[in-house]
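Asker: Since the structure of chain A is provided, determine the placement of chain B on it from the hints.
Single-letter residue listing:
There are 2 protein chains.
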Amino acid sequence: MNLSNLFNPRSVAVIGASDDPRKISYSIFKNLLSYKTVYPVNPNHKEISGMKCYPTVESIRKKIDLGIIAVPSKVVPEIIKKGKNVRNWIIISAGFSEAGDKKLEEEILALAKKNKQRIIGPNCMGIQIPNIDLNATFMPRSLQKGNVAFISQSGGFCAAMLFQGEQENVGLSALVSVGNMIDVDIADMIEYFDKDKNTSAIAIYLEGLKDGRKFLDAAKNCKKPIVVLKIGKTEEGKKAAVTHTGSMAGSYEIYQGAFRQANIIEVKSTEELFDLIKAFTLIKNAKKEVIIITNGGGLGTAAADAVEENGLILKEITKEKSKELIKAIPFLGNSKNPIDLTGNATTSTYETVIDILGKENASFVIILIPTAVINPEKAAISTVDLSRKKPVVACWMSGEFTESSINLLRKSGVASFESPERAVRVLGKLA
Amino acid sequence: MNLSNLFNPRSVAVIGASDDPRKISYSIFKNLLSYKTVYPVNPNHKEISGMKCYPTVESIRKKIDLGIIAVPSKVVPEIIKKGKNVRNWIIISAGFSEAGDKKLEEEILALAKKNKQRIIGPNCMGIQIPNIDLNATFMPRSLQKGNVAFISQSGGFCAAMLFQGEQENVGLSALVSVGNMIDVDIADMIEYFDKDKNTSAIAIYLEGLKDGRKFLDAAKNCKKPIVVLKIGKTEEGKKAAVTHTGSMAGSYEIYQGAFRQANIIEVKSTEELFDLIKAFTLIKNAKKEVIIITNGGGLGTAAADAVEENGLILKEITKEKSKELIKAIPFLGNSKNPIDLTGNATTSTYETVIDILGKENASFVIILIPTAVINPEKAAISTVDLSRKKPVVACWMSGEFTESSINLLRKSGVASFESPERAVRVLGKLA
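Chains A and B supply the protein sequences, listed in that same order. Counting from 27, one number per residue, gives the positions in the first sequence under the working numbering. Counting from 27, one number per residue, gives the positions in the second sequence under the working numbering.
Chain A with its partners taken away, still in its complex shape:
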């Protein structure tokens, strides 16, 4: 099954296109205005944004790779039935099984099958494929380019992902809000993005699956790493999931078994899912051996704990390197790993130490606490340089004195985390 004319469409029609800014169909159409070929469809308009508006999708009289439907749910069957010239649908409209109307959902699926059409949705936010400048969603802005494909059963988390991504300079290769998932499902997308040359990892926000076996097979066959956050794990969570997308969350134990079988990386919170997406985007070739460099011994100790707890190894520093380090490190520092530069460390201490160790075959955790003697922004520069050659996670303690340097790290593509434990946890999952 080939989904390429769905995820890389030559032409797009927006059914229900509007020039009323209060409607989401306005946002969808506006987001698509600059795309290759786009047709507005709405029987109530002759023209939208200076373009000819078609009364129906069939009246375009051309093959359309992707039809995006944003009209009231009751009207959807008629559109699909008649729109035989459309290859794939994204149905944004809500009001199907999640609202108790399972029949309407079955009806549109049957009609689309008859027309040999594939469907994403209904009840979804659409898709974004930044590499081809496709924003087929009603989100206020387009994502940056990245290399992780994110598939989400929560539209809200898609929005959260966009905004946090902007703030931290993290993009995606694809964002897919799957909604009720009546046809194209997560397994299909795993298969598609496994072959997508712009995607190097797949992240999934998962509530529940209809076909567990299909998912398991797709995940097992996938050559790229898959990260999953499963929600609806508890009884209360399951009840909430049913109301949310109509999905049966199922037994968490069974999911966990499947994740293990398919070598899926399971994360435990929305925060950790974002951390991993960030890590897959910014860190290449993470190593199991880790070097910790810090100007706070306590945080270095906390990081050393996290190294062991996450199945990583503190790299042994050779005697020769240790001798070099001792010359560079202030009194009472530690030239053994975790390397403690002490609160007396200056920017040049960081520079020298990074220079001495920069060729080691290891992942680096660089921790910095603001002090009176250090310039966090200058210290960030040597960390940025190191990150061009080596897998690096940075942990600059937050606050007024580090704000600009944390922004510098983010803008320069360094994976930056709030605490040493979070930084190390990410390395543990990658390595």
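Don't read these hints as lab results, they were simulated from the structure. Treat each hint with caution, since some may be false.
Because identical chains cannot be distinguished in the list, a pair is counted as satisfied if it fits within a single copy or across any two copies.
[Stated by the list, open to error] Quick list of in silico lysine to any residue cross-link-like pairs, SDA-like style, CA-CA up to 25 Å:
hint	residue 1	residue 2
1	K362	S99
2	K294	K455
3	K294	E444
4	K341	Y278
5	K404	S53
6	K107	D214
7	K56	N34
8	K353	G121
9	K88	N111
10	K49	K100
11	K56	D45
12	K347	E334
13	K314	G337
14	K265	E334
15	K49	V399
16	K294	E334
17	K171	L59
Note that the coordinates shown come from a computational prediction; the quantities given were computed from them, not determined experimentally.
Answerer: Only chain B this time, still in chain A's reference frame:
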């Protein structure tokens, strides 16, 4: 044993006071300039900052409640030996057991015992007691007032705490950097802060203890909640801790047993320690029953999972309240808990729903994802109002559109967290 003239001194002397801004003794003296009674001591100066400088502490010829020593370690014994008019010492100077010189440490302890003096340190950053405007540290600024006493074996984490606290509007009733802890130890401080009227909880960053039994007894007798982050849990962490403060981290299992026996709340990361300090500062009377209000169903489901996982209960919404809610909530929302206002929720949806539920006997988790139809800043105002009457945690998804509203929440004293899981975890520990 009464430590009140140590933590609430009538007079302070800074031994090694300096007017050279490159020295930490400069910062210490500067921070104390506005304190009740302060004496600079330094044989090399006649005057510092326009004040008479004494050659020795004994030449002040008055009883001094607190002498702060910031001179090279070799000189410390002589100062203690002669400074018989001092009641307590804080020894900032490093270069004792953490640098391998156990003998020097024993020497100063013996001298102080002879003089009936108590010691905090050596190798520490000092103490801050915001309620009496005492900043006896070399930190660049003074903490805000709060109600949690923070005792730390890591000086670096004290600094991190200060800066993050400033950013998030969280203060402390006391900050104590304990250093090598040769005399006054954590047990003594638990006992002291248990009786301190400005303190309602005690937080501890713990590497290792010399007297476990004393700690356990003090913690068991303490009537206020105690939160501990234990570091040096793993083999690697233990090795790092020895170099850091010379402390033997000991068996983590034994510590965990002690924490359980004494009803201590154990947290697992620096981040969670800060979250709990924030929670104890900002949230009063957390309830076990929780109401979740969200405009994203997925995040609501994740929060519902977290409620169950953290031993909390989703409060049942009565039929009457549910009927009221249905009128206020957009199509396809959920009037059962977690209450899903959907992506179509406006500021007034939040206001109305908070108004309907605001008298319920529960903790509240308010989640907000920025959308085109909501004003996050206005929505923050109803959350701030609710937090004046009820225990509230807020989780505004980060990004450009929510930055100012998150700042508003922080400035207004609402406990604000990055993810629903973190927000709920905190409630679980409090309740």
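Asker: Identify every previously stated hint that the structure contradicts and give their numbers, smallest first.
Answerer: none
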